[in-house]
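Trainee: One letter stands for each residue in the lines below.
There are 2 protein chains.
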Amino acid sequence: MVSVELVAVGTELLLGQLVDTNTAFVAHRLADAGVDVYASHAVGDNRERIVSTLRSALSRADGVVTTGGLGPTVDDLTKEAVCDALGLDTELDQASLNKMEDFFTAVGRTMRENNVKQAMIPRGARVLPNAHGTAPGFVAFGADGTFVACMPGVPGEMKPMLTEHLVPFLRERYALSTGVTTRVLRTVNIAESEIDHRIADLFRASENPKIAVLAHGGRCDVKIMAKASSPQDAQGMIAPLQAEIERRLDGFVFGHDGETLEGVIHDLLQRHQLTVSVAESCTGGRIAAALTRTPGSSKSFVGGVVAYDNSVKISHLGVARQTLDSFGAVSEQVVCEMALGAVERLASTLAISTTGIAGPDGATREKPVGLVWIALAGTNGTVNARRTEFPGNRAAIQDRATTAALGMLWKYLTAWEPNVPRPT
Amino acid sequence: MVSVELVAVGTELLLGQLVDTNTAFVAHRLADAGVDVYASHAVGDNRERIVSTLRSALSRADGVVTTGGLGPTVDDLTKEAVCDALGLDTELDQASLNKMEDFFTAVGRTMRENNVKQAMIPRGARVLPNAHGTAPGFVAFGADGTFVACMPGVPGEMKPMLTEHLVPFLRERYALSTGVTTRVLRTVNIAESEIDHRIADLFRASENPKIAVLAHGGRCDVKIMAKASSPQDAQGMIAPLQAEIERRLDGFVFGHDGETLEGVIHDLLQRHQLTVSVAESCTGGRIAAALTRTPGSSKSFVGGVVAYDNSVKISHLGVARQTLDSFGAVSEQVVCEMALGAVERLASTLAISTTGIAGPDGATREKPVGLVWIALAGTNGTVNARRTEFPGNRAAIQDRATTAALGMLWKYLTAWEPNVPRPT
Chain A
39 MVSVELVAVG TELLLGQLVD TNTAFVAHRL ADAGVDVYAS HAVGDNRERI VSTLRSALSR
99 ADGVVTTGGL GPTVDDLTKE AVCDALGLDT ELDQASLNKM EDFFTAVGRT MRENNVKQAM
159 IPRGARVLPN AHGTAPGFVA FGADGTFVAC MPGVPGEMKP MLTEHLVPFL RERYALSTGV
219 TTRVLRTVNI AESEIDHRIA DLFRASENPK IAVLAHGGRC DVKIMAKASS PQDAQGMIAP
279 LQAEIERRLD GFVFGHDGET LEGVIHDLLQ RHQLTVSVAE SCTGGRIAAA LTRTPGSSKS
339 FVGGVVAYDN SVKISHLGVA RQTLDSFGAV SEQVVCEMAL GAVERLASTL AISTTGIAGP
399 DGATREKPVG LVWIALAGTN GTVNARRTEF PGNRAAIQDR ATTAALGMLW KYLTAWEPNV
459 PRPT
Chain B
39 MVSVELVAVG TELLLGQLVD TNTAFVAHRL ADAGVDVYAS HAVGDNRERI VSTLRSALSR
99 ADGVVTTGGL GPTVDDLTKE AVCDALGLDT ELDQASLNKM EDFFTAVGRT MRENNVKQAM
159 IPRGARVLPN AHGTAPGFVA FGADGTFVAC MPGVPGEMKP MLTEHLVPFL RERYALSTGV
219 TTRVLRTVNI AESEIDHRIA DLFRASENPK IAVLAHGGRC DVKIMAKASS PQDAQGMIAP
279 LQAEIERRLD GFVFGHDGET LEGVIHDLLQ RHQLTVSVAE SCTGGRIAAA LTRTPGSSKS
339 FVGGVVAYDN SVKISHLGVA RQTLDSFGAV SEQVVCEMAL GAVERLASTL AISTTGIAGP
399 DGATREKPVG LVWIALAGTN GTVNARRTEF PGNRAAIQDR ATTAALGMLW KYLTAWEPNV
459 PRPT
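For the record, the sequence lines run as chains A and B. Numbered according to this note's numbering, the first sequence spans residues 39 to 462. Numbered according to this note's numbering, the second sequence spans residues 39 to 462.
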């Protein structure tokens, strides 16, 4: 087992004008190889701060992997900082110098003194050849057995250097035989705190496999990550834990890994030979937009009406003017008439409807911002409505109501036939 | 002047399965406010390592800004680590607890003990209110004057907390005056390469103010950034450059800074006392979703029909069956009938319609994936259609067609009356 921290060098990473994608790539490849990535850092082109970051990282981990700061200019300082941190001087790597000279001859340019600087490496370091550029990478060693591996920041040079040279080196040196396999359980209709309440003991008991809960926009993913010497072994470690979590979250897990809620809904509709339409007021087209994300959705999604103005609720969905007058547009009666109207007029077998107050205006004492009615017209003329008050601003209310509507449709579809096989 | 380091907390950031975009956002906003960002770090859900990272960061910088690890679960450890690093215990923030209780009552769910944990903050800390979720942020203070500011990792909660609470707090506490002032010119209906061609010389000539072009989903922003000791001075540096760029991009700049295309469209519709409806096939509700993003959009947006299935084009928009049979659903004739049908049946003054092939299936030799017809039915029974072939996958085609439809509507509205004052 070996642990590392990552250090990305470059002031441009700290101005926020570009997103650092190197770190995720390096972390992913190292994790796959069984390396424990403890932390990652981005630091500007400042020698003192790079040294300080390297030293504190080496106090926690077996080694450090850096990207960037190996170029020929004065603000490329990674190599100098590594020498400072490990107490080393530099030596010329003749093979790298020869290669560089060949390169400059080939392109007909003059090699500058600052290019020679690129062929200098920390004394005793092992070179990581650069097949796609002039600056070699290297692994430098401290007296205490720690190491610092340095690669260029240009993704096209760094990526092959990592996979073809650094990972094989680490595998061999640390006799790595393990990798990480991940399984994601995707849930809907349940809060993060409720998931935590149900599985916290599993969380605490298990370091490998490790469990994580990630919430995003009204949906939660439960991730199970296992480290093992083969994907088969990892799978064997994940299986019983997955079964236990699925048992405790029964009725909330809609899919796994890359599956989407709208994709699972599409498959269920297809399997049962059902179609759906929508009648949206406060969600303003978002449910339709979600349902049409899935390729082939025209087979299960008929279409919909965005009935923002009351006149459209009447003209296109057949909501009775009297219902609107008596109960108001945001009411159980109206949301039910919308769903039933969609089934009838759009000729679908199911329909989902929404009406609510997304705000910031339009609230009354009885009907606050965030109040949303969602209805589902099922087969055989049935209709079911649910009232929810969603927190957050206009965008959050619109998004959460959309997720809740899809969650309601999914729930209906899974229960539609008693023995629906679970989508896998 | 104040210096900070950033710490993103979460094991998922170190597995390389997601790219951390929070850090770039926070770095950007802080740099704009004149804060020196020395370094950024990502660390897993491990209390000891979070503490060690915080301590070494505080040895180099005046403060630390963290994201993530404030949730209710057992692997949310940021608050505990901050208390360890600064030598503080926690206290209850009653306001946050009350807000949380209201939330759980409203949604009809039971508050768990682990939710109460979210209302605990380090003793003496200043609360950063969370308008979009339950977990409050805070700024905790060390005995030596250093600080650690903690925000949630959910971008929708973190971003407003940063701009509305943390940045103003830092500005006031450190009397920040040298800052970067940014002016954004927002364009539509013009390609990034065409913008580059028109303003490349200005680009090269100017270091401060600096110019950047950022493309996203069929729209481009031109950013002008000036560094100066006061916003007024920066404004004075930006003004002549802005005027020159606007002259060169005449007819493509729809707004500035935080203005949105749909917001500008809403204002123009209101000013001219016009209303719009939509008839969407391949965009599947996305134009309606965009138009309803703006608060108060019910005043200018009547509603729409998502006519995915041909039967809906006939029943809800009055498209003639013969037109569909003769020309196919993806045709100039059908898209025009859709727009005219929407104006008539939804009783709006304008309507925008789309029909196309988002793929991956459904293409023919004459009608490739990416082919989209967009029509605009104007006042007085006029209708205008445009054919475009959009590149990219299904999601990109759906998004670009939506932007193009909004761009067409905006163009029509700006030309509608010869002397429309520019939205500012």
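In case anyone wonders, no lab produced these hints; they're calculated from the structure. All of these numbers come straight from a predicted model, not from anything done at the bench. Here a beta-carbon is modelled for each residue, glycine too, at the ideal position from N, C-alpha and C. Some hints could be false.
Said to hold, decoys possible - Short derived list, chain A residues pointing at chain B, Cβ under 7 angstroms: (1) Thr49; (2) His79; (3) Val89; (4) Ala144; (5) Val145; (6) Gly146; (7) Met149; (8) Asn152; (9) Val154; (10) Val251; (11) Gly322; (12) Gly323; (13) Phe339; (14) Ala345.
Claimed, not checked - Pair ranges (Cβ atoms, derived): (15) Phe365/B <-> Glu282/A: 31 to 39 angstroms; (16) Glu282/A <-> Thr402/B: 14 to 22 angstroms; (17) Glu202/A <-> Glu297/B: 27 to 35 angstroms.
As the list claims (entries may be wrong) - Negatives, chain B to chain A, calculated, CB over 10 angstroms: (18) Ser231; (19) Glu318; (20) Ala345; (21) Ser364; (22) Arg403.
Trainee: Decide, hint by hint, whether the structure agrees.
Mentor: Here's how the hints hold up against the structure:
1. Thr49: Because about 9 angstroms separates Thr49/A from the closest Cβ in chain B, which is outside the 7 angstroms limit, the hint is violated.
2. His79: holds (5 angstroms)
3. Val89: violated (11 angstroms)
4. Ala144: At about 30 angstroms, which exceeds the 7 angstroms cut-off, the nearest Cβ of chain B leaves the hint on Ala144/A violated.
5. Val145: violated (25 angstroms)
6. Gly146: Cβ of Gly146/A sits 26 angstroms from chain B, so the hint is violated.
7. Met149: This interface hint is violated because 28 angstroms lies over the 7 angstroms limit.
8. Asn152: violated (23 angstroms)
9. Val154: Since chain B brings no Cβ nearer than about 30 angstroms to Val154/A, farther than 7 angstroms, the hint is violated.
10. Val251: holds (6 angstroms)
11. Gly322: holds (3 angstroms)
12. Gly323: Gly323/A check passes; min Cβ-Cβ to chain B is 3 angstroms, inside 7 angstroms.
13. Phe339: Holds, because the Cβ-Cβ distance from Phe339/A to chain B comes to roughly 6 angstroms (cut-off 7 angstroms).
14. Ala345: OK, holds: Ala345/A within 7 angstroms of chain B, min 5 angstroms.
15. Phe365/B <-> Glu282/A: 31 to 39 angstroms: violated (57 angstroms)
16. Glu282/A <-> Thr402/B: 14 to 22 angstroms: violated (51 angstroms)
17. Glu202/A <-> Glu297/B: 27 to 35 angstroms: Roughly 48 angstroms apart at Cβ, these two residues miss the hinted range, so it is violated.
18. Ser231: holds (20 angstroms)
19. Glu318: violated (8 angstroms)
20. Ala345: violated (5 angstroms)
21. Ser364: holds (21 angstroms)
22. Arg403: holds (20 angstroms)
Against the hints set out earlier in the document, violations occur for numbers 1, 3, 4, 5, 6, 7, 8, 9, 15, 16, 17, 19 and 20.
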